[in-house]
Amino acid sequence: GESVGLHLPTLSVQEGDNSIINCAYSNSASDYFIWYKQESGKGPQFIIDIRSNMDKRQGQRVTVLLNKTVKHLSLQIAATQPGDSAVYFCAENSKKAGGTSYGKLTFGQGTILTVHP
Amino acid sequence: NAGVTQTPKFQVLKTGQSMTLQCAQDMNHNSMYWYRQDPGMGLRLIYYSASEGTTDKGEVPNGYNVSRLNKREFSLRLESAAPSQTSVYFCASSARQIQVAQYFGPGTRLLVL
Numbered sequence: 012g013e014s015v016g017l018h019l020p021t022l023s024v025q026e027g028d029n030s031i032i033n034c035a036y037s038n039s040a041s042d043y044f045i046w047y048k049q050e051s052g053k054g055p056q057f058i059i060d061i062r063s064n065m066d067k068r069q070g071q072r073v074t075v076l077l078n079k080t081v082k083h084l085s086l087q088i089a090a091t092q093p094g095d096s097a098v099y100f101c102a103e104n105s106k107k108a109g110g111t112s113y114g115k116l117t118f119g120q121g122t123i124l125t126v127h128p
Numbered sequence: 447n448a449g450v451t452q453t454p455k456f457q458v459l460k461t462g463q464s465m466t467l468q469c470a471q472d473m474n475h476n477s478m479y480w481y482r483q484d485p486g487m488g489l490r491l492i493y494y495s496a497s498e499g500t501t502d503k504g505e506v507p508n509g510y511n512v513s514r515l516n517k518r519e520f521s522l523r524l525e526s527a528a529p530s531q532t533s534v535y536f537c538a539s540s541a542r543q544i545q546v547a548q549y550f551g552p553g554t555r556l557l558v559l
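As you go down the protein sequences, you meet chains A and B in turn. So for the first sequence, this note's numbering puts the first residue at 12; every next one is plus one. So for the second sequence, this note's numbering puts the first residue at 447; every next one is plus one.
Hints listed in this document are in silico derivations from the structure and should not be mistaken for laboratory results. Given the structure is predicted, the values throughout are model-derived calculations rather than measurements. For every residue, glycine included, the Cβ atom is placed at its ideal position computed from N, Cα and C. One should not assume that every hint holds.
[Said to hold, decoys possible] Just the calculated beta-carbon pair ranges, DEER-fashion: (1) B:Ile544 to A:Asn29: 29 to 37 Å; (2) B:Met465 to A:Gly52: 34 to 42 Å; (3) A:His127 to B:Met465: 28 to 36 Å.
[Said to hold, decoys possible] With a cut-off of at most 20 Å between alpha-carbon atoms, the simulated PhoX-like pairs for lysine-lysine come out as follows: (4) A:Lys53 to B:Lys517; (5) B:Lys455 to A:Lys115; (6) A:Lys115 to A:Lys82.
In isolation and in its complexed conformation, chain A is listed as follows (with noise of 0.2 Å):
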């Protein structure tokens, strides 16, 4: 999962594995939260996003988990290849006091992962 600090937690996984990203989240009331990879010299890339009304997602290869009561968040890539190597994000967009929402996103620190051939 992710961590406050300097020291990014990484993942190491062979290529055709299937890679787990973990994120825990702060606010209980986000009501939206978005995942992002961000290769070497680039900008963060979106990959997938879900709402809070939701506790599953899927896109190509990918799956976004949504664990409300421990306020969990898991990216699953699927037969993971030397390109997902990179820093992934995650995001969460909190609601004000009165129940909207701030339209901010407040990401975490980021997991770096690495592909092996």
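Take the given structure of chain A and dock chain B to it, following the hints.
This is chain B only, laid out in the frame that chain A set:
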């Protein structure tokens, strides 16, 4: 579509100098954002513009100003650069402010000496 573009790609400043980072999007998005990213950390929001004509502070606004020039363009200005502002700056845009993905530009790498 170019998506979100940023200029310059890289800049070196001396302490006290000023500069403006430019951002433009061609996706007809209403909302735009400026983030900074420091080594080993996630992105932190500096300022955002929910729609043309509005701007608001994010998490780390001190030392920065912004201008939403029109629907396409959102600039970030450093009036008097400090070494603590050495960072990678990302601009992003989204169709609306809430519950939609933000799309990021390639970043501007700023070094303040």
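A quick look at each hint next to the structure:
1. At about 32 Å, the beta-carbon gap between Ile544 of chain B and Asn29 of chain A stays in the expected band of 29 to 37 Å.
2. A beta carbon spacing of about 21 Å between Met465 of chain B and Gly52 of chain A contradicts the range 34 to 42 Å that was offered as a hint.
3. His127 of chain A and Met465 of chain B have their C-beta atoms about 41 Å apart, which leaves the hinted 28 to 36 Å range violated.
4. Of the supplied pair hints, the one linking Lys53 of chain A and Lys517 of chain B is violated, its CA atoms being roughly 24 Å apart against a limit of 20 Å.
5. A hinted pair counts as satisfied when its Cα atoms are at most 20 Å apart, and Lys455 of chain B with Lys115 of chain A does not qualify at roughly 25 Å.
6. Only pairs whose Cα atoms come within 20 Å are accepted, and Lys115 of chain A paired with Lys82 of chain A is accepted, the gap being roughly 18 Å.
The structure is inconsistent with the numbered hints 2, 3, 4, 5, although it conforms to all the rest.
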